[in-house]
Amino acid sequence: MKLRKYVVTTVALFALLSMSLAACGSNGSNGTAAADGTLVVGADQEPECLDWIATCGGTSWGSWAALVTTLPQAYFSHASSGSSAAYVYEPSPLLAGEATVAPGDKQIITYKLNPAAVWSDGVAITSTDFKYTFDQIMSGNDIYDTTGYANIESVATPDPTTVVVSYKERFAGWKGLFGSGYGIMPSHLLEGKNRNALMKDGYTFSGGPWKLDGGKSGWKKGVSISLVPNENYWGTKATIKKVVFRFITDTSALFQAFKAGEVDFLYPQPQPDWFPAVKGGIDGATIKATADTSSVEALWLNNSKPPFDNESVRKAIAYSLDRDAIVKRLFGPLGVNKAWQSFNPPIVAAYADPAGFSGYTLDLAKVAELMSSQGYAKGSDGYWAKDGTKLSFSLKTTVGNKRRELTAQILQAAFKTAGFEMKIKTQDAGVLFGKTGPSGDFEMTLYAQVATGPEPGNCAIFCSVNIPTEANGGSGNNWTRTNVAGLDELLAKVDIETDTVQRISDSKQADLLTGLSATSIPLDPLPNTLIFRNSIRGPVADNATMGAFWNMNLWTLKG
Amino acid sequence: MSTDSREGAQPLEGLGLVGGSPSMPIGAELGIGALDGPKPRSQWQLFRSRFLKHRLAVFSLVLLILLIFACFAANLVAPFPANQQDLAVGAVGPNAHHWLGTDELGRDMLSEILYAGRTSLRIGLTVAFLSTLLGTVVGAISGYFGKWADQGLMRLTDLFLVIPQLVVLAIAIQGFGSTQVVIALSLAALFWMGEARVVRGQVLALREREFVEAARSIGASPMRVVFRHIIPNCLGPILVGATLGVAGAILTESALSYLGFGVQLPATSWGNLLSSARGYVGTPQAYLIYFPGLMILITVLAVNFLGDGLRDALDPYGSNG
Amino acid sequence: MIQFLSRRIIYSIVVLLLASIVAFVGTRIAFDPTARLAQVRDKQVRERERERLGLDKPVAVQYAKWVGNFARGDMGTSEVTRQPVSTMLASGLGYTMQLMLWAVILSIIAAIAIGVYSAVRQYSAGDYIFTTISFIGISIPPFWFAFIAIQFFVFQLMAWLNLSQPIFYFVGLHSTGGSGFNIDYLQHLFLPVLVLTVQNIAGWSRYQRASMLDTLNSDYIRTARAKGVPRRQVIMRHALRNALIPVVTVMALDIGLLFGGLVITEQIFSIPGMGRIFVQAITNGDAAVLTSWTVVAAFFVLLFNLIADLAYGWLDPRVRVA
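These protein sequence lines map, in sequence, to chains A, L and P. According to full-length UniProt numbering, the first sequence is numbered sequentially starting from 1. According to full-length UniProt numbering, the second sequence is numbered sequentially starting from 1. According to full-length UniProt numbering, the third sequence is numbered sequentially starting from 1.
Among these hints, one or two may not hold up.
What the hints assert, rightly or not - Derived lysine-lysine pairs resembling BS3-like cross-links, with alpha carbons at most 25 Å apart:
no.	chain 1	residue 1	chain 2	residue 2
1	A	K241	A	K279
2	A	K390	A	K423
3	A	K168	A	K131
4	A	K168	P	K43
5	A	K425	A	K328
6	P	K43	A	K493
7	A	K328	A	K402
8	P	K57	A	K435
9	A	K168	A	K193
10	P	K43	A	K435
11	A	K423	A	K378
12	A	K220	A	K241
Unchecked claim - Selected chain A positions facing chain L (in silico; Cβ < 7 Å):
no.	residue
13	S252
14	Q256
15	A277
16	A413
17	T426
Hints are computed from structural coordinates only; laboratory data are not their basis. Glycine included, every Cβ here is placed at the ideal spot set by N, Cα and C.
Chain A with its partners taken away, still in its complex shape (with noise of 0.2 Å):
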């Protein structure tokens, strides 16, 4: 029959292609770690580029996954020993020992190198590989990040294991130079050629415990990367055969992956919609929350703006809140409850007092009092009103991000309670961020404010100066507008100071300005949450400043 003939030859001819697509190959190894070695992690987010100075290098899971693993640097931070939250830099395998700075009032670090330091081609790590990672940085037009670097005036290499860094200008926070989303790279095989050009799909070479897995060919784009142990890493040798991040960006479907066996480890963004999933715990696997993080979410308030350019109406907003049960409401689950009291994320508690924000509890008798003091009263819908204008606020914040919705929601019903009328606006991240924040279009934002290291100092964000302005261009960082009689001195200080102790005792005293004139209300650290197979043994846990895979070649796998 003519047609069946024609049905039958386009069908084998489909399949033959398809089949051809797929090419042929291997059966893949499915969850359950330690069946062949391979450990399964599953990413929500996949690189721009492994090019970590660009700016295509900048993503948190390029650097968890790829950066910390195979570049090395020059401090880690990770958390104290202690019972303290606190977050502590320590050099790593690297370095000789603490680097030491020199007396005076020029800012000099003098690095020393461990000579048993290589390249996983065998060719030592250098002084020069410094100087290059410097030169790189300042020389570069698509560079992600030059805070600090920018201070430096140069980098000497007076023998291959020395480097002296001379700042021009003093940075408190050079412990997270070389290092901290950066890494030292290799100059004798990336000097006078396209740096860009060698790094950004994946690279051969590695100084850390672990290497891309052939290289270029590690990255699957859109599906994979994938890591090996590299061989010559002279510190403590990876044992995990291989380590695999997938690709799931489907957030919700990270979890359904996880309980079908997909993947063994996940380290997800603390979004409400999976906290259910692990409630009652998982089979066979291990949850691990963390309140010690980087990141403060807040509400921030426009301190130049009504009604919260009046320090009463923002105190009695602070009244209206009972913010342990938010965060209970929206933590509980992972066992985080109570909320946070400064701007300082807990990884620098530190240097946070918490005295100040920590006086402001729900109390509706002083929102009252508060308001009255300011010629408002109740009308008769409930609401705060003021020679017949009622107290009405928008609260701005990311669109698509569940977690903030659900915050939204609640506070919204929180401020009806106490008299006051908020309506909920979402905006892409782009327009909050570049929009919104900088020209002051607000009244109430709500967003985190993270830290890229173990350094306290919120003067970019407080300090007077930093207000956005036609005279700088617009780019300060202070979009609350906050201006506090004392806390510009202060501030300025703990960026600058090089002594702990001073420099503990002014972050704290600038915390309790902050809190008692209630520039703006924090509410909660982002929770970190590791949920992976049992059989993943070692010191597993979080590091809320170089991500949960910095150590893993100290993991095992029971098989």
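Using the hints provided, position chains L and P relative to the given structure of chain A.
Same frame as chain A, now just chains L and P:
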């Protein structure tokens, strides 16, 4: 995008050989619109009796009216006020008190669905109205005036059929903000092409008929001829197209919500209720996914049945023989 | 024929150009590729990026540069990932084609089979069941159907059969480290293909049914039956062939559109095809990628329109190309 309604499948006319895709109704046979009785009856009576015989369509119409009433009168009908949270309750499954259960904030799902239905239905109806209007005008002008007007408008139609809907939607919504007005307008801008094609075809056919010639000969202006004489004679296909537009708009809005471009909180639609529940797949709270989706399905299904019934009733000698 | 084709091609190029203008200019106006850098503590980074991408120049100049490169066969470089756009799209197409091929094959077979059955057994119980199912198929929100499918085919099945691993997967097209055509591939393919086929099977089977009924009621079929040609042969050889003519046209047109319809499916099932590339380009405001993407998607619509025309002419000898 994956929600393209059947209307999407239309050949581009520019130089095309195929005069138009076969406009065979989907499942036109479900209700059998048989003709009976030799009694002379008015067109309306004929239509009514044929439509009433299409039981599924009648049932769908009643259901839709009930649904529209329940949603728009939600403040009277819904068991709980909009967005009433009870954090102590949290997410519980369907029970006697909350028929469809509650969500993570302890809100009654039934009430939330009814309130959300307002948005979904409003968008569906607005888009259908606007796109029908636009499509009718474009089709009528194109068909009646022919020549360059026809060429220009039909090429424009081609362009809209060729550019992926999502590209236009994403750009429009990002550029003008994801308010309901913008969503409705940009959806309307994507759903008029089918209507324009149909109306153009009808106008082309009617243009040369005697009654139109007559109107023209007594000096009626082209506008008058088109809108007083021609359009009323192709109301049938226009109505059917409009019905399908409602279905397409509701489906597309829900898909937009999944991608984060749809109706934004605190306003709710069935689409964003569904997309905020997507994390519950594979958990005991899976009921939070079932109900909003079911509402979309029921509504769109009813609209499709209704459209089918209308088509049968309006076109007794339908092309499906 | 050649004249027809060349006119058609010139027209298509014009449409593609217009589509690319809409996409490029629209993206540039609506999206800001530097927005993702808004929270970087180094405040100059956005300015540097704007300069690097030439965003300070007028949109028309930026577009002219893009189209100039495109005409020379260079799709440009992604503004975000720094990869050649052609490489990204080629990789995306590889995945998308796999989904499309299977979805199309299955849809065609199922739709024709159901349509023929329903027409031959008109008003039978089976016909009613298929009719109802197709109505549901065209009315169901595809992403909701995907959620429901994952809920039942993955989790409920695991629970009912007491399995530790699902039968069907919903992440990617292979398990970790897997590749090639094997059982694992099929286990991954099942759900996304199911989601993609439902709408098409529902729609196409209705067309097939209606068209088949038309043909079965036509004079020549009655004549053939009257002459004693066996029923089966009449249906398969005479009726089906003629009934397929309009259906094939509709199918071709739908296949062209299916291309854009993969966006949601690929997003839900973490498949790095064209749909995911689109979502990423939109999220990042990557005009270079989005514009080429639009041109490719529009190209497919135009291509399948052409195929529909040619198929119509080929299947129906009465239509001859002018």
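* Asked: Against which earlier hints does the structure fall short, listed by number upward?
  -> 1, 9
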